Amino acid sequence: MLTVLRGGHVVDPATGKDGVGDVWLEDGRIVAPPAGGKADREIDCAGHVVMAGAIDIHSHIAGGNVNTARLLLPELHRAIRARREGTPLSTAKWSTFETGRLYAQMGFTTVVEPAMAPHHSLQTHYELNDVPIIDKGALTVLGNDDFLLRQLRAGESESAINDYVAQTVSGTRSLGLKCINPGGCEAFKENMRAFGLDDEVPFYGLTSRKIFQALQKSTQAVGIHHPLHLHMNNLGIAGNIQTALDTIDASQGLPLHLAHVQFYAYGKEGANAFSSAAAAFAEKINAHPNVTVDVGQVMFSQTVTISSDVLKQFNSMPGGSPKKGAIFDGDANGGGIVPYAYKISNYYNAIQWAAGLELFLLINNPEQVFFTTDHPNGGPFTAYPELFALLMSAELRAEVMARLPAEVLEQTTLPSLKREYTYYEIAQMSRSGAAKLFGFTDRGTLAPGSIADVAVYKESRDKAGMFRRAAYVFKDGDLVVKDGEVSHYRRGKTLHISPRFDKNINTRLDSYYEELYGLPRGIFDVPDAALPHKDAFAEVACKV
Amino acid sequence: MSKATLDGKAIALEDACKEAARILSGATFPLVAGLGADVPGARAAILLAERLRGAFDHLASRDSLADLDVKRSFGMFTTTANEARVRSDVVVLLGPGLTRQWPGLLERLALEQAPRHGSQAGQPRKVIWVGPEADEAAAVPGAKIIPASLQQISGLLATWRARIGGRRVAMDATKLELVDGVAQTLKDAKFGCFVWASSIGLDPLAIEMMQALVTDLNVTTRFTGLHLGARAGAAGVVQASGWMTGFPPRTGFGRGYPEHDPWRFEASRLVDSGEADAALWISAFDGEAPAWSRKDIPLITLAPAGAAPARGLYIEVGQPGVTHDAVLMAQETGGMTLRAASAPSDAPTVAQVIDAILAHVSEVAPC
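For the record, the sequence lines run as chains V and S.
What the first sequence shows, in this note's numbering, is residues 1 to 544, in sequence order.
What the second sequence shows, in this note's numbering, is residues 1 to 367, in sequence order.
The following block holds chain V by itself, in its conformation from the complex:
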């Protein structure tokens, strides 16, 4: 069926479009306007903004740690509304099904779960499979695993490490590599309570710096598009701006993605010895085009923090609310789940809120900074529309600032920032830039030949409302959302890459598992036969 979206404000940074035009779809793809072609379906998009489907590059939507959070906090997600016909469990709050529905309603069509533990990847894939409508992907976590740390300790060659990295990413069917507090979770098992960039992991003699640099190089060498996705040391601690700046200095000029950087933008100024250092951070990022970041914006709400940074999560427990938590010392990273309430009246939370917005507004290139709340760590992904609105309106920010504790404004540059994001910049951050970051060539754009993932928003002064409920959303050319409501499910794909490696690494790993655990390595595998729908996987090409 040939469909035309007629006369909308087309915003597509990948092709440079920013003006009124038509978008044509046929058989699940964007197509060039057919010569004299007559559409089978014409949708009047006058007064609407037309963008490619959005891509969320970092959102904790699946896996054992997320599920632990669900089971830990039944009181936080009581459902209140019956679901519509044809959309089972779509109003079951915090379920995988609701996740797919809510993302689709906001015009998001691809979401990446950033923390898949290699030994628990099968469950992550089961959960991703139950997120309807949208396409998904995941990043595999390495950097606290004994096998890699042994390799580095023994001074093995880069090619040996590359084989291990490629085998793990390939075997767990992910889109790339994440490294979370490199060495810090291992150190926590040995009772270290703080772990900086140059602290040594007990018994391995390795620093965080050395671990992440090795993985950063390896990521490039095996052809993974996405730069190493790094969750740095010292998350959330006053004065941790130094860790962030030092980490960028250690980035060797190679591509590096820093996750939820708002949580590292803290100085020690002011009466509370806690201030925003976002301005210095942004300046550093602007000077390092090899570095990309996502923000991890804090939005004032009750939430739960979910992280494989077990050391940090353990240290967070005394401040948790409600007072309970789960700490899992896993085979490598593990996980910590600690509920938390961000309050507008709380000085520290208000600084966090301001620091995140400063980063958005002070980083010059929108394709270098990505749109996240580190769902659910800084706030739920459902707060994205409010965040879009804040970025697009200095007036709205001023209204919120007026409600913050007065001393907060002395410790942030936010009041001086008048920048307002345009639709084009919003689309750079959430579409074109995000696609580049993962090497997606056929999504995040409305260029002919691309997957027909399209979000159409009815223009409104209420930007949050506009982005919360898209007027139309097409997934693979299928109209799945109309007037902000999902009409039906379709099965999304799980995207993954298959970097190549020397198969000898398999033999080595077989003996490693046999010798250390007395287990066949296959017990951790994600074989085709175990997958709920093996046809739902789609491979993305590696870099040549």
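Source of the hints: derived by calculation from the structure; they are not laboratory data.
Small disclaimer: the values here were computed from a predicted structure and weren't measured.
Don't be surprised by glycine CBs; every beta carbon is placed ideally from N, CA and C.
The reader is advised that the hints may include incorrect statements.
Said to hold, decoys possible - Pair by pair, the computed Cβ-Cβ distance ranges are:
{"#": "1", "chain 1": "S", "residue 1": "SER119", "chain 2": "V", "residue 2": "ALA280", "range": "36 to 42 Å"}
{"#": "2", "chain 1": "V", "residue 1": "ARG193", "chain 2": "S", "residue 2": "ILE145", "range": "30 to 36 Å"}
{"#": "3", "chain 1": "V", "residue 1": "ARG41", "chain 2": "S", "residue 2": "ASP346", "range": "57 to 63 Å"}
{"#": "4", "chain 1": "V", "residue 1": "ASP198", "chain 2": "S", "residue 2": "ARG116", "range": "25 to 31 Å"}
{"#": "5", "chain 1": "V", "residue 1": "ALA536", "chain 2": "S", "residue 2": "GLY122", "range": "42 to 48 Å"}
{"#": "6", "chain 1": "V", "residue 1": "GLU539", "chain 2": "S", "residue 2": "PRO124", "range": "45 to 51 Å"}
{"#": "7", "chain 1": "S", "residue 1": "ASP216", "chain 2": "V", "residue 2": "GLU156", "range": "38 to 44 Å"}
{"#": "8", "chain 1": "V", "residue 1": "GLU514", "chain 2": "S", "residue 2": "GLY306", "range": "35 to 41 Å"}
{"#": "9", "chain 1": "S", "residue 1": "ARG255", "chain 2": "V", "residue 2": "ASN191", "range": "17 to 23 Å"}
{"#": "10", "chain 1": "S", "residue 1": "ASP216", "chain 2": "V", "residue 2": "GLN302", "range": "24 to 30 Å"}
{"#": "11", "chain 1": "V", "residue 1": "ASP535", "chain 2": "S", "residue 2": "ARG22", "range": "30 to 36 Å"}
{"#": "12", "chain 1": "S", "residue 1": "GLY142", "chain 2": "V", "residue 2": "ALA280", "range": "53 to 59 Å"}
{"#": "13", "chain 1": "V", "residue 1": "ALA271", "chain 2": "S", "residue 2": "ILE145", "range": "56 to 62 Å"}
Given chain V, put chain S in place with the hints provided.
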């Protein structure tokens, strides 16, 4: 070939699925219970319960909920069996019958070997076993055995916790010396680990006392816990239920969205009180029968060969990991894994049978 019977008389599988759909769709509040299935089977069963606007429960929910209640009211420290194996220098086995809950326990933890990782690598492990059964007591050479009944465990943990916290306990000097000895061992541990199974009958207060002790110990050192999952695939079912509905089993869909209530949606109570007026009973591992006493509600049983009840509709299903490959939680790893069939047959899986039933259930839900 699959076998199906109605009140003991053979019927065709297709007819059995249609009849099951008719019974369940016709009920006011149908129940999907037992839920002894692999992960795909549980997934299908929960979707069926949702479509029917009924409720679902697992046959070992009592045990799963004992752990979950502690987790969601207090919190929990846990680890994997493999991390305990390679790193734990002090292991405390809590209660009788652990090796019956998981026959592979001692082999997996390799307690007679020294830990491999961390500061205690190569040093002999200290093993304490509280109240093992007679035939378990000698299973770990060198283990310190502390006799205790199941009911005494909570009090014992409380005593240790008091002493570790520097508090006084009323106890004669000889006993106190023993208690203080254990307390010192726990405090000196570098990566200690409690091993427990709620399914031996441990109640939530005992589990909470143990986790509170772990929390106290973590102020100065590292300590954690390893829990053994309940029977009939409970751990995998809880996970699937968690991501699908946000809640563990004992969840109902009467209002068109999930509501979790461990009392309201307990299967036996629903049947015996008459609130549920039809039930699908799934017990694919071993054909365990329902625990409810009422026999007059329409019943559909999915169980392996040889477990056909005399009454109601019966559809034979395969045994997960025996007659067909199955995705299950692996106690060895704490994660999901594919268990290859050990004696493959063409008996259908729970997921296949439920999908066939679901195909005959109208999407238009009764309001």
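Hints versus structure:
1. S:SER119 / V:ALA280: 36 to 42 Å: Holds: the Cβ-Cβ distance is about 39 Å, inside 36 to 42 Å.
2. V:ARG193 / S:ILE145: 30 to 36 Å: 35 Å Cβ-Cβ, so the 30 to 36 Å window holds.
3. V:ARG41 / S:ASP346: 57 to 63 Å: Violated, since ARG41 of chain V and ASP346 of chain S (Cβ atoms, about 46 Å apart) do not stay within the stated range.
4. V:ASP198 / S:ARG116: 25 to 31 Å: Distance hint for ASP198 of chain V, ARG116 of chain S holds at roughly 27 Å.
5. V:ALA536 / S:GLY122: 42 to 48 Å: holds, 47 Å
6. V:GLU539 / S:PRO124: 45 to 51 Å: Holds - the Cβ-Cβ distance for GLU539 of chain V and PRO124 of chain S, about 49 Å, lies within 45 to 51 Å.
7. S:ASP216 / V:GLU156: 38 to 44 Å: holds, 41 Å
8. V:GLU514 / S:GLY306: 35 to 41 Å: holds, 37 Å
9. S:ARG255 / V:ASN191: 17 to 23 Å: violated, 48 Å
10. S:ASP216 / V:GLN302: 24 to 30 Å: For GLN302 of chain V against ASP216 of chain S, whose Cβ atoms are near 28 Å apart, the range 24 to 30 Å holds.
11. V:ASP535 / S:ARG22: 30 to 36 Å: Given a distance of about 32 Å, which is inside 30 to 36 Å, the answer is holds.
12. S:GLY142 / V:ALA280: 53 to 59 Å: Taking Cβ atoms as reference, GLY142 of chain S and ALA280 of chain V lie about 58 Å apart, which means the hint holds.
13. V:ALA271 / S:ILE145: 56 to 62 Å: The hinted range 56 to 62 Å holds for ALA271 of chain V and ILE145 of chain S, with Cβ atoms some 58 Å apart.
Consistency note: the structure conflicts with the earlier hints numbered 3, 9.
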